[in-house]
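Residue 88 in UniProt numbering sits at position 88 of the sequence shown; the count goes up by one each step and never skips.
Do not take every clue at face value.
Stated by the list, open to error - Here are the simulated lysine-lysine pairs, DSS-like style, with alpha carbons at most 30 Å apart:
(1) Lys26 <-> Lys92
(2) Lys92 <-> Lys56
(3) Lys99 <-> Lys26
(4) Lys122 <-> Lys56
As the list claims (entries may be wrong) - Quick list of simulated restraints, FRET-style, between CB atoms:
(5) Ala31 <-> His59: 18 to 24 Å
(6) Phe38 <-> Asp138: 37 to 43 Å
(7) Asp138 <-> Glu100: 27 to 33 Å
(8) Arg96 <-> Ser25: 38 to 44 Å
(9) Lys10 <-> Ser130: 20 to 26 Å
(10) Glu42 <-> Ser84: 43 to 49 Å
(11) Pro34 <-> Trp132: 17 to 23 Å
(12) Trp132 <-> Glu39: 25 to 31 Å
In case anyone wonders, no lab produced these hints; they're calculated from the structure. In this text, a Cβ means the ideal position worked out from N, Cα and C, and glycines have one as well.
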Amino acid sequence: MSSEQLIKYKVNQSITADQFIELLSKTTLGARRPIDQFEVIEAMLENANLLITAWKNGHLIGVARSVTDFAFCCYLSDLAVDESVQASGVGKTLVRMTKEALQPQCSLILLSAPQAVNYYPKIGFSQHDSAWVLTNLDELK
Numbered sequence: 001m002s003s004e005q006l007i008k009y010k011v012n013q014s015i016t017a018d019q020f021i022e023l024l025s026k027t028t029l030g031a032r033r034p035i036d037q038f039e040v041i042e043a044m045l046e047n048a049n050l051l052i053t054a055w056k057n058g059h060l061i062g063v064a065r066s067v068t069d070f071a072f073c074c075y076l077s078d079l080a081v082d083e084s085v086q087a088s089g090v091g092k093t094l095v096r097m098t099k100e101a102l103q104p105q106c107s108l109i110l111l112s113a114p115q116a117v118n119y120y121p122k123i124g125f126s127q128h129d130s131a132w133v134l135t136n137l138d139e140l141k
């Protein structure tokens, strides 16, 4: 039996902030997420409206966390796969299941972590040159 066959995927199965923090700490994404701010992590989970998870032997090994209207656009905010199982197809399966949960014409949009910038073209994403980010209201002119 291959390792992929041992992995179970779940749609909108709730996870705890502790589980999410533990997974993020096993990925390069952990450095880019507020894993030391429990309340923020809780809010991230509570306010996402599409959550695809991957489990191996009862342990959370992957998450695709999205905010979406299901019809026009879906922002894949977090794609995190435990480094011990990366390159085994888990990330691609999480992305595929996210897209399958949407209407066919719905666009899947994400901002890549620097370490993952070469991954997304390999699985079929096209780069968009006009993404903009405003994180601080004081920067609004």
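For each hint, the structure was consulted:
1. Lys26 <-> Lys92: 18 Å, holds
2. Lys92 <-> Lys56: Holds, because 16 Å separates the two Cα atoms, which is no more than 30 Å.
3. Lys99 <-> Lys26: With a Cα-Cα distance of about 25 Å, the restraint between Lys99 and Lys26 holds, given a limit of 30 Å.
4. Lys122 <-> Lys56: 25 Å, holds
5. Ala31 <-> His59: 18 to 24 Å: Holds, since Ala31 and His59 (Cβ atoms, about 21 Å apart) stay within the stated range.
6. Phe38 <-> Asp138: 37 to 43 Å: This hint is violated: roughly 26 Å between Cβ atoms.
7. Asp138 <-> Glu100: 27 to 33 Å: 40 Å, violated
8. Arg96 <-> Ser25: 38 to 44 Å: Once the Cβ atoms are compared, 25 Å apart, the range 38 to 44 Å for Ser25 and Arg96 is violated.
9. Lys10 <-> Ser130: 20 to 26 Å: At 34 Å between Cβs, range violated.
10. Glu42 <-> Ser84: 43 to 49 Å: Between Glu42 and Ser84, where Cβ atoms are some 25 Å apart, the hint is violated.
11. Pro34 <-> Trp132: 17 to 23 Å: 21 Å, holds
12. Trp132 <-> Glu39: 25 to 31 Å: 27 Å, holds
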